[in-house]
Amino acid sequence: MIRGKRQRTAAREIGLSLLPVVVILVVFRVYPIVTAIIKSFTNWDGLSRNDWVGVKNYVDLVSSGTFWLVLRNTLVLLLNVPLQVFIGLVVALLLYEQVKGWRIYRAVIYTPQIISAVIIGFLFRTFFSLGGPVNAVLTAIGLEELAIEWFGNAGTALGVLVLSIVWFSIGWQAIVILGGMSAIPPSVFEAALLDGASYWQRAFLIVVPMLVRTIEFAVLASGVWTLTQLFPFLYSMTKGGPGFDTTTLDYLIYLRSFGFGFGSNYGYASAVAVILLVVVLAFTAIEMRVANRADDWN
Amino acid sequence: MRARTRLRDWILSPLLAILTLTFVYPLVFMLFNSLKTRSDYFVNPFGLPKGPLQFSNYASMISQFKIFTLFRNSLIVAGGTVLILLAISVFASTIFAKYRFKGRAALFLAVLATMFIPSQVTIIPVYVLFSRLGMVNRYWSVIFSYVALFLPEAILLTTAGFRAIIDELLEAAEIDGCGYLARIRHVMIPMGRASLFLLIIFYFITAWNDLFTPMIFLQSMNKRTVMVALAALMGRYQGTPTLQFAGLLMSAIPALLIYAVFQRQIIRGLSLGAIK
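Line by line, the protein sequences give chains A and B. Following the working numbering, the numbering of the first sequence begins with 1 at its first residue and continues without gaps. Following the working numbering, the numbering of the second sequence begins with 1 at its first residue and continues without gaps.
With a straight-line Cα cutoff of 30 Å, these simulated BS3-like cross-link-like pairs (lysine-lysine) come out: (1) B:66 x B:223; (2) B:66 x A:239; (3) B:98 x A:5; (4) A:5 x B:102.
Keep in mind the hints are simulated off the structure, nothing from the lab. The structure presented is a predicted model; accordingly, all values stated were derived computationally and were not measured.
Can you build the whole structure from these sequences, using the hints too?
The following block contains the structure:
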């Protein structure tokens, strides 16, 4: 009897505690994603127009040159992931071995993550603008031919974007990898040093193999982040241009839905959104498979 | 011994020092140039301000740009988000960490799976939903969007923190006659305060810094958050970088102050590797 009453109370506690989570996630995450998938097969404009058009949006998208340009940009920008993980690893090992001033480095290195990406983006735009500080330095040291309009062509614009993203992310990578390293017994490093292991050997023969799971998380999180969170960088630096030369999938959704005013083609933008979702899931699946393989080798 | 650390001590350590300088320099650069005249900036962007300091840039940020009103709007959005997030996470994480029931693991996974849905994918249907409910241009629209976006990660964080609380404490509280709410108030919250504290700081800063969601939902001039207004300012006053630097620096300061005060807790929390 008491047991039954206890169980009923527990059931009520569980139900009432989890209800808000379920309601919020269903209303603001699950319902919208289902809607986006369905509407990607229509010419929905958010108001009255809402006709079934089959796979027309997808066909239009894939047959447009813009789509392949956007995919290329996404792949180029994903190059920042190995760069930030590599630099983060080097920095983490320096912090772990407590080089002089490591406390200050550890505190300062995370500050870009605290400053809004909007502010970081505008700073980079200002620094790399035609009459900006970077070109002023290049001119002063006699490299005038390098003082170009950095955001004027795809190559250098993507380069500056990758640079800003890596710079922004190093601190996060270093702190996460450093956190993982605290699980490695210090005796391993002492033994390696006694055996004469060089810095690179310590980094790649000790830290990397022992931290496969941490590095997997670092790659996965920063990869998904690159695929979905570049909006403030692009908005502040290039607006996706010149043309669509630096537009990514997530920015294309914005351009096609809100960027050109209300009454845009939400159906088309939803098709881009569905493709972005597929890309994110594919990236996640591939990354996990690679990490599992890597873990098996150990 | 020396050979093994030469690379580290003579090449990598100085590089790290330089890297660290690049993180500090932009703040100094913004401070110096925000106190210059426009022409002084274009003559030499790297020098110290010449002549009288130009506080006029800050004055116009306050009087014309109304930056403190924007701060208030951002505070409402970020504060509201954190409060609701905290309340929901405490209850949900108590259940996920301390209750056993059928389907718990599946539900936990389902909650976490929504993390992989990018906000751009859901923004259009949510926008249409909000406009039907008359919620566009209301703070609630952004607050609820944020709560839904941050919730899985926040629950992951607090559940990890709550799992570390020993069961005996909960049992003792129950024997002492504590009901569900009393157990949460007297055991879960005080014992799990480290993770709750991290949740508050981290998501406050994230909400404060975000651009995308409030840019779509809060377009009316008197409700814009500081980052939305800043993005508009940067587009409008192309030719006045000194004024822009004053605005950029002022908008960065609240989050930087929070970080300066709680640096230790933030770094320790991040090392656990639960949040991005």
